[in-house]
Amino acid sequence: MKKLKILLGASAVAVAGFFMVAADHIDAPAVSGGTSDITDFYAFQGEDSDNIAFVANVQGLLSPTASASAAFDENVLVEINIDTNGDAIQDMVIQAIPRDGKMYVFGPFASSSTNLNSTVNFSASSTVVDITPYGDSAITATSDAGVIAFAGPRDDPFFMDFARYGEIIGGTATSFNDPGSDTFAGSNVMSIVIEVPKTLIGGSGNINTWVETKSK
Amino acid sequence: MKNIKTLMFALLISAVAFNCSNDDDATPQVVNSIDFSGTYSQDDQMARPAINTVFVSSANKNTFNTTVPSAQGAAFQSEFETKLLALNPGYTTNALGWDAPTFTGALATDVLTVSLDGTTTFFDGTNVLTGRALADDVISVELLLIFGGPTGADNPGLTDDNVDSNDKAFSSSFPYLASPW
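As they're listed, the protein sequences go chains A and B. So the first sequence is numbered by my numbering: it starts at 1 and just counts up by one. So the second sequence is numbered by my numbering: it starts at 1 and just counts up by one.
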């Protein structure tokens with residue numbers, strides 16, 4: 001264990017310094033704490049097993065007070081990439097961008113660009129949903145294509161004893177506590193949930209997926 | 001013609017207005033009148049939980065976030081392997097039977113694999129890496145794969161953070177995530 005501490009010494013200060021985040025919550029200096037900071041990404045079979053639900057969360061560790069005034073940034077584009085042939089290059093993209101209290105979801109549409117820059121494909125099939133105000137019941141919308149959308153503040157679904165992890169990495173602890181303490185309990189995120197029919201994203205087999213935020 | 005178009009537009013708007021409550025439907029006219037112009041440049045990127053946090057040095061985190069997945073393996077596998085062995089110097093294989101190069105090779109290309117054919121989960125004891133559901137204890141899975149050794153029994157104090165569920169219950173219906181605090 002002492003050897004482990006010495007080996008971790010170089011990274012310990014840096015990691016302990018970025019205390020307050022995880023999943024992707026702890027992030028790079030360029031985005032940390034900002035409106036394009038992705039906290040988490042999920043993809044799972046929907047209640048309707050013919051669909052896949054994608055969850056992209058941004059702006060983590062929002063207190064209830066901060067949640068009341070938190071907003072999606074109109075200069076931030078969220079892109080969910082879907083690779084259907086296993087080469088880690090997207091074949092389809094779903095874009096989500098807010099305008100004036102609504103979240104506009106475009107796609108899924110075909111795209112294979114590995115460009116780090118994007119424009120909004122506003123001619124693609126769209127789903128438009130009112131962004132749910134803090135404290136309101138969830139507002140959802142369903143497009144004719146069967147794409148279901150939600151956007152608004154949610155309880156952060158991530159759970160981890162990240163404080164203890166930082167202590168272990170920093171060398172001030174040698175093991176996790178039992179029970180542990182969820183560092184993210186009581187905090188919120190801004191969440192985009194998009195559920196799409198499997199037929200629109202390949203139909204069968206496996207997909208690879210990831211989320212990006214882009215800003216202007 | 002113009003009067004008919006105006007009338008149809010008015011009927012469409014009134015139909016939407018009466019149908020408003022919880023279920024909005026998009027109309028193409030609305031989208032075409034909004035300014036979506038501009039070029040958006042990549043800031044952040046993510047697939048699997050905690051990968052950038054755990055495996056990428058602080059100096060390289062911005063670069064990892066702006067490296068497309070198809071290029072990440074070549075750029076980061078070596079750094080990931082170094083970091084894995086720094087975290088667990090005794091690493092040989094893990095419960096999936098992967099040696100260090102194989103494990104870090106899989107992790108460095110940061111994509112989330114999702115099955116369209118059945119159960120979607122990070123790991124449920126049977127299904128491995130077929131998606132990521134909200135209730136999946138992804139951190140304990142990753143800790144087990146990093147620290148647990150071939151049988152999962154190594155480093156017992158490091159293979160589970162003992163936080164295995166969210167602070168609020170999830171919903172079985174869309175949008176699945178719990179209401180905010």
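Hint data in this document are derived by calculation from the structure and do not stem from the laboratory. Incorrect hints may appear among the rest.
Some, not all, of what chain B presents toward chain A, calculated at C-beta under 7 angstroms [stated by the list, open to error]:
1. 31
2. 33
3. 41
4. 44
5. 61
6. 92
7. 93
8. 97
9. 112
10. 142
11. 161
12. 167
13. 180
What follows is a set of in silico ranges between Cβ atoms, one per label pair, in the way DEER data are often shown [unchecked claim]:
14. A:65 <-> B:58: 15 to 21 angstroms
15. B:59 <-> A:49: 40 to 46 angstroms
16. A:137 <-> B:118: 46 to 52 angstroms
17. B:92 <-> A:123: 52 to 58 angstroms
To give an idea of the chain A side of the interface with chain B (calculated C-beta under 8 angstroms), a few residues [what the hints assert, rightly or not]:
18. 109
19. 140
20. 179
All residues carry an ideal CB built from backbone N, CA and C; glycine is no exception.
Status of the hints after comparison with the structure:
1. Annotation: residue 31 of chain B was flagged as interfacial toward chain A, and the flag holds, the nearest CB pair being 5 angstroms apart, inside 7 angstroms.
2. The interface hint given for residue 33 of chain B is broken, as the beta carbon of that residue sits about 10 angstroms from the closest beta carbon of chain A, more than 7 angstroms.
3. Below 7 angstroms, beta-carbon pairs count as interface contacts, and residue 41 of chain B has one with chain A at about 5 angstroms; its hint therefore holds.
4. Look at residue 44 of chain B: its Cβ gets to within about 5 angstroms of chain A, closer than 7 angstroms, so that hint holds up.
5. For residue 61 of chain B, the interface hint holds, the least distance from its beta-carbon to any beta-carbon of chain A being 3 angstroms, beneath 7 angstroms.
6. Hint on residue 92 of chain B is violated. Least Cβ distance to chain A is approximately 16 angstroms, over the 7 angstroms limit.
7. At about 19 angstroms, the closest approach between the beta carbon of residue 93 of chain B and any beta carbon in chain A exceeds 7 angstroms, and the interface hint on this residue is violated.
8. The beta carbon of residue 97 of chain B comes no nearer than 20 angstroms to any beta carbon in chain A, farther than 7 angstroms, and the hint placing it at the interface is violated.
9. Interface hint status for residue 112 of chain B: upheld, as the beta-carbon distance to the closest one in chain A is roughly 5 angstroms, under 7 angstroms.
10. Because the smallest distance between the Cβ of residue 142 of chain B and any Cβ of chain A comes to about 10 angstroms, over 7 angstroms, the interface hint for this residue is violated.
11. A least Cβ separation of about 4 angstroms between residue 161 of chain B and chain A falls short of the 7 angstroms threshold, and the interface hint therefore holds.
12. Interface hint at residue 167 of chain B: satisfied, since its Cβ lies 4 angstroms from the closest Cβ of chain A, which is below the 7 angstroms cut-off.
13. For residue 180 of chain B, the shortest C-beta to C-beta distance to chain A is roughly 4 angstroms, which falls under 7 angstroms, so the interface hint holds.
14. Separation of residue 65 of chain A from residue 58 of chain B is about 30 angstroms and departs from the stated range, judged on CB atoms against 15 to 21 angstroms.
15. At roughly 44 angstroms, the beta carbons of residue 59 of chain B and residue 49 of chain A sit within the given window of 40 to 46 angstroms.
16. For the hinted restraint 46 to 52 angstroms between residue 137 of chain A and residue 118 of chain B, the CB-CB distance of approximately 32 angstroms leaves it violated.
17. A hinted range of 52 to 58 angstroms for the beta carbons of residue 92 of chain B and residue 123 of chain A is consistent with their spacing of about 53 angstroms.
18. Given hint, residue 109 of chain A at the interface with chain B, is violated; its Cβ is 13 angstroms from that chain's nearest Cβ, farther than 8 angstroms.
19. With its C-beta approaching chain B no nearer than about 6 angstroms, residue 140 of chain A sits inside the 8 angstroms limit, and its interface hint holds.
20. Here the hint on residue 179 of chain A is kept, as its CB sits about 5 angstroms from the closest CB of chain B, short of 8 angstroms.
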